[in-house]
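Peer 1: Going down the list, the protein sequences come from chains L, A and Y. At position 10 of the first sequence the residue is numbered 10 (the numbering used here), and the sequence of numbers has no breaks. Basically the numbering used here = 1-based index in the second sequence + 1000. Basically the numbering used here = 1-based index in the third sequence + 2000.
Just so you know, these hints were derived from the structure itself, not from any lab. Any given hint might turn out to be false.
Pulled a few chain A residues facing chain L out of the computed Cβ check, cut under 7 Å [stated by the list, open to error]:
no., residue
1, Ser1069
2, Phe1093
3, Val1140
4, Leu1151
All of these numbers come straight from a predicted model, not from anything done at the bench. Backbone N, C-alpha and C fix where the C-beta goes; we use that ideal spot for every residue, glycine too.
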Amino acid sequence: MLNALTDHLEEVAALILFGIGFSNLLLNRNMIKKIIGFSMMDSAIYLFLASYGYIRGRLAPILPAETPAPSVTQYVNPLPAGLVLTGIVVSVSSTAIMLALTVRLYRRYHTLNIDEIAMRAKEADEA
Amino acid sequence: MKMNDDRIRWLADGSESLDSEMLREYGQPEAEEAPDAFEMPHPRERRYYHLLHTWTHRRGERLMNRMYSVAVVLICVAICALLIATTADMPRFGDAAPLEDDNLSEFYVEEGYRHTGAANIVTGIILDFRGFDTLGESHVLFIALCTVLMLLYLPKKSDPKTMREWLESEADDRRFEPHADLILQQGAVLLVPLVLVFGVYILLNGHLSPGGGFSGGTVLGAGLILYLLAYGFRKTERFFNFRTYRRLTTSALLFYALSKGYIFFTGANGISNGVGTGRFGAILSGGLLLPLSVAVGLVVACTMYVLYTLFRKGDL
Amino acid sequence: MEALNLLLLAFIVICAVAVSVTKDLLTSIIIFMAQSLAMSVVWILLRAPDLAITEAAVGAGITSLLMFITLKKLHAIRIQGKDSDEDE
């Protein structure tokens, strides 16, 4: 466990962030807090993924204009960065959809508490 | 059946209506407190019943909530510990070991620039090698915006209910948005051109330096939103309305799909596509990377701006 | 560099805890924004400048802005409801 902490600092931080986001998602009754927890889980996964692209003592994957003779031992792995860049922009759109649903639910039920919303929806179904 | 209904109502309303139900069903509550309560039909059962229900509604619910929280925290800690224990088997952070037998990354770093002509390898990957994926992602943005549009759009002239909703939201906007705020406007005079120029720079220089369609598009969208915040809808409506959005987004997506399809078609059939990569490191290089990144940036910027206006007003 | 990395990661985790502890929604959104900004510095340390630019514009800019506007909308609706009750 301690070994993991020293060798895998970035990953451990990402996984702790994931756990906190997950408990945030489950524990809070408030919808906005739940959405923040969800976004946190998103960024934790991006951190985990991108930390595997990093290699100590190497440069960012941008070639100099003068002498383009790159060797793989010079630059960090560009693949995770490409994957994560796509993910970050998609996570914005999913957050936007969740927030729009929250606005609609608030307009209808006048509360942000998910328990109350579920209860009133059930009542409305039975009536 | 009726009994069942009553129970549901008690559960829903909490203990107060339960008390009134008990009162109606079992008679006066004072009799319960009185010393001669033993004369009532089933006093002990009634009292236990009452006690049980008040306990369920006051303490029991709290207890269940607490148990739920404890269980959630335990499960999360367990998941975290399990995952962290798993990382011990993975390569060390900052180690070159995962790259050693990774032919794909090696190809991207060493050979990629010859195929794409891009100095920024990440942009080369996103817009060229994984260009189809980026097309799908632009469509994800478009579809997300359509969903938000369905959820939040308030048409102006229709049945009176939505009309009222629209008027209310307009009134909200008027009341809670400080129009013509002097500090914000002076700040925006300074900042908006800078942000927009920076966004355009990132967008156009994506194949040479950090940046590209997504980053440049979000910066441009943020600049537009700042302009809107400072000067209000009256100024932005002049150059950006629904028709502009529709035209820009559909033409950008169509251009992306067509050019990517052309490149794929010619590449798969071994035909020369007539698009060279140009001189390495020049602004007009990288073949189709520059127009593609402009198309992606336009889609992203428009989407961000329209999301904001939809949230704020339910309209553009 | 290592120290800065450690500091930023600790800051991110503390922000995450603070978000779940705070009661006020506005405060928690601002803390989330700060967390995103720290995350964008972590991207620079991980040699991914593309991600840093995108995260700074998206996480600290647009996501937080959408959350603010949602919050404003909800509060506005609530205040308006109260006002109309008083009018009646």
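Peer 1: Does each hint fit the structure? Answer for all of them.
Peer 2: Here's how the hints hold up against the structure:
| no. | hint | in the structure |
| --- | --- | --- |
| 1 | Ser1069 | holds, 6 Å |
| 2 | Phe1093 | holds, 5 Å |
| 3 | Val1140 | holds, 5 Å |
| 4 | Leu1151 | holds, 4 Å |
When held up to the earlier numbered hints, the structure conflicts with none and fits them all.
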